[in-house]
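Novice: Each chain, written out:
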Amino acid sequence: MVEPDLVKAAQSGDREALVKLLREIEHQVYRTAYYLLNDEQDALDASQEALIRIYTNIGSYEEKAKFSTWVQRIVTNICIDRFRRKRPSVSIEEHELVFRARDDVESEVMGSFTMREIREAIGKLPDHHRTVVVLRYLQDFSYGEIAESLNLPLNTVKSYLFRARQQLQVLLQDCQKGGVRG
Amino acid sequence: MKCEEVMELMQRELDRDLDDLEQARLRQHLAGCPECAELFARLKRLSDELEQLPRVVPPYSLVDAILPQLEQLATDAAGSAGAASKRDGGESPASAPTPSRRPGRAVYFRIAAAAVFGLVIGLWLVNESFFQRAPSSYEAAMPPSAQEEFAPMSAQSGASPDAAEGDVSVTAKKMMNMTGTGTSGSSKPDGPGSEELRSIRDGAESDAQQAARDPVAKLPENAGEATGGSAFGFVGETPAFPEDAAPGAALGGSLEGVPMFGKPLGQGGAPEGAEGEHSIAAGPQEWPSPDGQWIAYVVDGALKVADATGEKVVFQSAAREGTVELVEWEESGDRLRYVWVGPDGIRTAYSVDLAAGQETLGETEP
Chain C
1 MVEPDLVKAA QSGDREALVK LLREIEHQVY RTAYYLLNDE QDALDASQEA LIRIYTNIGS
61 YEEKAKFSTW VQRIVTNICI DRFRRKRPSV SIEEHELVFR ARDDVESEVM GSFTMREIRE
121 AIGKLPDHHR TVVVLRYLQD FSYGEIAESL NLPLNTVKSY LFRARQQLQV LLQDCQKGGV
181 RG
Chain L
1 MKCEEVMELM QRELDRDLDD LEQARLRQHL AGCPECAELF ARLKRLSDEL EQLPRVVPPY
61 SLVDAILPQL EQLATDAAGS AGAASKRDGG ESPASAPTPS RRPGRAVYFR IAAAAVFGLV
121 IGLWLVNESF FQRAPSSYEA AMPPSAQEEF APMSAQSGAS PDAAEGDVSV TAKKMMNMTG
181 TGTSGSSKPD GPGSEELRSI RDGAESDAQQ AARDPVAKLP ENAGEATGGS AFGFVGETPA
241 FPEDAAPGAA LGGSLEGVPM FGKPLGQGGA PEGAEGEHSI AAGPQEWPSP DGQWIAYVVD
301 GALKVADATG EKVVFQSAAR EGTVELVEWE ESGDRLRYVW VGPDGIRTAY SVDLAAGQET
361 LGETEP
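These protein sequences, in sequence, are chains C and L.
Position 87 (the first sequence) corresponds to 87 in the working numbering; numbering is contiguous.
Position 180 (the second sequence) corresponds to 180 in the working numbering; numbering is contiguous.
Source of the hints: derived by calculation from the structure; they are not laboratory data.
Errors might be hidden in some of the hints.
To be verified - To give a feel for the contact side, a few chain L residues facing chain C, derived at Cβ under 10 Å: (1) LEU14; (2) HIS29; (3) LEU46; (4) GLU51; (5) GLN52; (6) ALA349.
Where a beta carbon is used, it is the ideal one built from N, C-alpha and C, also for glycine.
Could you build all of it, start to finish, from the sequences and the hints given here?
Specialist: In C-alpha cells:
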C-alpha cells in the first residue's frame, strides 16, 4: 500500500518522492504486464513505459480514485495496446518458442495444472477477460477496484470475470486432453 | 432454485462476495445437485490455482533502468519552464546530476564497447584455462568448488593489471559476472541462463550509464550495485562460505588490497586502483549497508545480516535452495530488500526489518 503522503509529495514536485513512489509500485506494474503479455521482455518494456508515463502524468492523478487502480489503468492500457498491435504478427511458432525457452521454469506443477498451462490459457482469453482475471488474481483487486481501473460498470466486470473463469476451465480441460498445445 | 441462478452464486462465492444467507442457499442447492457440485468443485480448484500464480518480480530494478530517461524528462521540463525552475531545486545528485556533466550517447557506446571487449577477453581466457595458474591467497581462502567459479575473474585481473578507468572497470566487472553465468549456463542455451544474460545485459547497461554519469562521486554506490550484481554469476552456483568461517575473514577482510566492510570501495583512489582490486572485491556475495554498520551475505542458502565485524549476526533467513539477487538497503540502513530466485527460476521478494529481526514476503504487495 503506497502512502498517500508520498503520492502528495510526488505530485507537489518532489522528484525524490516521485522516484521513491515508482520504486514502490514497480513490482505491481511488472506483475500485471508479465501476466498480460506472457513474455518477460515485453513485460519489462511495457512496465518501463508505464513507469515513465506515471512519472510524467503524476499531476493528473486525482485522489477520488485509489492510486493503485490509477496505476493499473495505465499499465493495462499500455499492455492492451501492445498485445493488440502484436497479436496479428505473432505466429504460433514464436509463441511455442517462448514457451519452450521457459519450459523448466514453467513446468512447475500447480495443483493439477502447470503454471505454463495456466498462463497459456489466460493468454487465450479475450483482452478484457484476461485483464479482469489478472487484476483479480495477481493484484487481489475487488470488483469495484477492477471496475475503477478499467473504467467499466461493476456488472460488466463480474460478467467478464465469471465468463473468463468458465472459459479457463474449458481451456484447461482441453489442455489436459492435449487440445491446447496440439 | 434453478441451476442457472446458482451459477452466479458459485462465481461470487469464489470472490468471497456472498453473505450468510446466500451461502446457505448455495450449500443447499449443491447438496442436492451433483452436477452443480462438481462444476463448483472444478471452478474452486481453478480459482485456487489462479490465486497461487507466482508473484513474479522483474530481474532488475526497472526504476534504475529508466532513471536516465526520467532525468532527461526532468531536464527537458526544466528547460521548457525556464532556467529558474524552483521545482527541481531539491533534487539529489544521485538522481539528477547537472546536464553539463552528463555524457552523450557516444560515451555510453564507448563504455559498452569496453565492457564487451572485457567479456570477450574473459571468455577467451577461460577457454585458455588461464585459471590453472597457482592460486592466489584469495583463492586459497575460498572453498575449492568456489575457486573454479571465481577463476575467470582472477584471470581477468591478472591479464589487465593496468586497467585504470574506474567506471569502465565496474562495467567490465559486471560483464565478467556475466561470464560466470554464461559459462555455466551454456549447456542449456534455451534455459534460464540465456534469459539471465539478457537481464544482466540490461542491468549492466544501466550501471554503465550511471557510472558514466558521475564516475567519481557515484563510485561507492556503483561498486555496491556491482557487488549485488555478482549474485547473478555466483550465489547459486557456489556453496557460499563455510558456516564456521567468520564473514570478515571469508569475505576478504584478511586479504591484502581488498577494501574492508563498511569502507566505500571508492576510497583510497579507487578509480585509479588496479582492476584486480575491484574484481576481487566483487567476488563474494556481501552487501554492506549504506552507513557501513551492517553486512548482508549468503551462507548455506540463508541470507544473514551481521555487524561490520561479521561477529554479531542480527538476522538470518530460512535456508533455501536458489540464489539471491537485487539486495537493496534502505538509506537508513535498518531495512533491506532482496529477491530470492528459486531453483525453478521463480523470483520472490523479501523485506528484512533489522529492528524486528524478521523478514516479510513481497514488500510491494498492495
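Novice: Work down the list of hints and note, for each, if the structure agrees.
Specialist: Here's how the hints hold up against the structure:
1. LEU14: Cβ of L/LEU14 sits 7 Å from chain C, so the hint holds.
2. HIS29: Since the shortest Cβ distance to chain C is 17 Å, the answer is violated.
3. LEU46: Given a least distance of 5 Å, the restraint on L/LEU46 holds.
4. GLU51: holds, 6 Å
5. GLN52: For L/GLN52, the interface hint holds, since the closest Cβ of chain C sits about 5 Å away, which is under 10 Å.
6. ALA349: holds, 6 Å
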